[in-house]
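Chains as they are written, first to last, in the numbering used here: chain A, 1244 to 1331; chain B, 530 to 798.
Fair warning: there could be bad hints in the mix.
Below 25 Å or equal to it, Euclidean Cα-Cα: the simulated SDA-like pairs (lysine to any residue) are [stated by the list, open to error]: (1) A/K1321 with B/H669; (2) A/K1321 with B/W564; (3) A/K1260 with B/V736; (4) B/K706 with A/G1325; (5) B/K685 with A/A1318; (6) B/K685 with A/I1315; (7) B/K792 with B/G712; (8) B/K767 with A/Q1248; (9) A/K1260 with B/E764; (10) B/K760 with A/A1300; (11) B/K706 with A/G1294; (12) B/K760 with B/P796.
Some residues of chain B that are not near chain A, with every Cβ distance over 10 Å (derived) [said to hold, decoys possible]: (13) V548; (14) T552; (15) A553; (16) G554; (17) S571; (18) E584; (19) A591; (20) L613; (21) H659; (22) P692; (23) E740; (24) A774.
Partner residues aside, some chain A positions facing chain B, computed with beta carbon under 7 Å [to be verified]: (25) A1300; (26) F1307; (27) D1309; (28) K1321.
These aren't lab readings, by the way, just hints derived from the structure by calculation. Idealized CB from N, CA, C, for every residue including glycine.
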Amino acid sequence: MTRSQILDLYFVDARHKLIDLAAFLDRWERAEGGEDFRMAAFRRALQELAGGPGDRAERVLLAFSDPTTEPIPAATTKAACGAWPGAH
Amino acid sequence: MRYIEPHAHMVSRVTDDYVHMVTAGCAAVCEPAFWAGFDRSSAAGFYDYFRQLTEHEPKRAAKFGLPHYCWLCINPKESEDTQLADEVLALIPSFLDQPTVLGIGEIGLNKNSRNEIQVLEKHVDLAARHGQLVLVHTPHLEDKLKGTRLILDVIKNESRLAPGRVIIDHVEEHTVKLVLDTGMWAGMTLYPESKCSPARAVDMVEVYGGERIWMNCACDWGVSDPLAVPKTALEMRKRGHSAAAIDRLIYQNPARFLGQCPKFKLPAD
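So here's chain A without its partners, still in its complex pose:
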């Protein structure tokens, strides 16, 4: 596909998602409360989004990922929250 065809196919959808992200950040800032490791990870991911060319999806995923290699002693929950608390 050409760049023009990709824009024809995906630009409006990507624009919609970008505005949703902006509105999410505004919503979070308007609300009461303190900092959170998930937002710190989110900001790191945003930097990757605006960074150099190529592999952005991979770099965004890495910004949220646990980079350690040792198993944890025990699972105390079943759920994942979307960002690694240890990076904060």
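Using the hints, position chain B against chain A.
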């Protein structure tokens, strides 16, 4: 269009989903053992679940002309209790000769704990001893990268398992290359809110090729779409992929992997 749904938790779905899937061209559905959304209280609960997967669900699918296959295990979400896991592991061999059981799965990790790894190693040993195919679940969100690395290490250490008989499911952009580089298969799970969107899955196919990749919806009791695979085929068509390329990815590829188990038969075979 024809496709195989290689990963769907149909016991959690309504009968109308079978109607929609068959109408969309589904030729076979495969159901890995899964967490019920709550912890089962004993191994007896798993015995009943394995009977549901091997006896009841194939009959429900057959009403719509759809072959139903399954995979057996205790899911990593219930692997922290190693005593329960051992009891469930002991049940599995008696089900392996059932005509619709394709292998061991979906095993893997959830929170990447020591006990989860111990239970994963026992499943891998079970699969190797019984010559079974293996379907592996990789963890969610922030745990996926680490969990994928740990899982690949466990499987690579098991010399009795050929990499081509193992599929590592739920890959994303940060794990797909890790998996494909081992010679194992990679599964892309198409979810509305996590894992892969159809567009991202097709991106990865365009970047890495579609040689050892399948796509699945992994529909279950949560937010999920049993028609995610045919919708991804539509995404490929929008980008100009040929009908032959789409057929290779969503029908021939899963048929090639699953066909390594002689019990897997498609209606036209």
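Here's how the hints hold up against the structure:
Between A/K1321 and B/H669 the CA atoms are separated by roughly 10 Å; this keeps the pair inside 25 Å, and the hint holds. Straight-line distance between C-alpha atoms of A/K1321 and B/W564 comes to about 11 Å, which keeps the hinted pair within the 25 Å bound. Taking the CA atoms of A/K1260 and B/V736, the gap is near 23 Å; set against the 25 Å cutoff, the hint holds. Of the pairs offered as hints, the one joining B/K706 and A/G1325 holds, with about 21 Å between alpha carbons and a cut-off of 25 Å not exceeded.
With a CA separation close to 24 Å, the supplied pair B/K685 and A/A1318 stays within the 25 Å bound. Between B/K685 and A/I1315, the direct Cα distance comes to roughly 21 Å. Compliance with the 25 Å bound is thereby established for this hinted pair. The hinted pair formed by B/K792 and B/G712 meets the criterion: a straight-line CA distance of about 23 Å does not exceed 25 Å. A C-alpha spacing of about 10 Å is found between B/K767 and A/Q1248, which places the hinted pair at or below 25 Å, so the restraint holds.
Between A/K1260 and B/E764 the alpha-carbon distance is near 18 Å, which keeps this suggested pair within the 25 Å criterion. For the hint pairing B/K760 with A/A1300, the CA-to-CA distance comes to about 21 Å; that is within 25 Å, so the pair holds. Taken as a hint, the B/K706 and A/G1294 pair is honoured in the structure, with Cα atoms around 22 Å apart against an allowance of 25 Å. Restraint check for B/K760 and B/P796: the C-alpha separation of about 23 Å stays at or below 25 Å, so the hint holds.
Every C-beta of chain A lies more than 10 Å from that of B/V548, the closest at about 29 Å, which supports listing it as non-interface. Annotated as non-interface, B/T552 keeps its C-beta farther than 10 Å from every C-beta of chain A; the closest such distance is 26 Å. B/A553, annotated as away from the interface, keeps every beta carbon of chain A farther than 10 Å; the closest lies near 22 Å. Chain A leaves B/G554 outside its interface by the beta-carbon criterion, the shortest separation being 23 Å against a cut-off of 10 Å.
Distance to chain A confirms B/S571 as a non-interface residue, since its nearest Cβ pair spans about 19 Å, more than 10 Å. Taking the minimum C-beta to C-beta distance to chain A, about 28 Å, the non-interface status of B/E584 holds against the 10 Å cut. Look at B/A591: its CB is around 33 Å from the nearest CB on chain A, clear of 10 Å, so calling it non-interface holds up. Under the 10 Å C-beta cut-off, the non-interface status given to B/L613 relative to chain A holds; the minimum distance is some 14 Å.
At roughly 26 Å from the closest C-beta of chain A, the C-beta of B/H659 stays outside 10 Å, upholding its exclusion from the interface. Every CB of chain A is more than 10 Å from the CB of B/P692 (nearest about 21 Å), matching its label as outside the interface. With a minimum CB-CB distance of about 20 Å to chain A, B/E740 clears the 10 Å threshold, and the non-interface call stands. For B/A774, the condition that its CB be more than 10 Å from all CB atoms of chain A holds, with the nearest at approximately 14 Å.
For A/A1300, the suggested interface contact is upheld, since its CB lies about 4 Å from the closest CB of chain B, less than 7 Å. Taken as an interface hint, A/F1307 checks out: its beta carbon lies about 5 Å from the nearest beta carbon of chain B, inside 7 Å. A distance limit of 7 Å between C-beta atoms decides the matter here; for A/D1309 the minimum to chain B is near 5 Å, and the interface restraint holds. Hint status for A/K1321: holds, given a least beta-carbon distance of 5 Å to chain B, under 7 Å.
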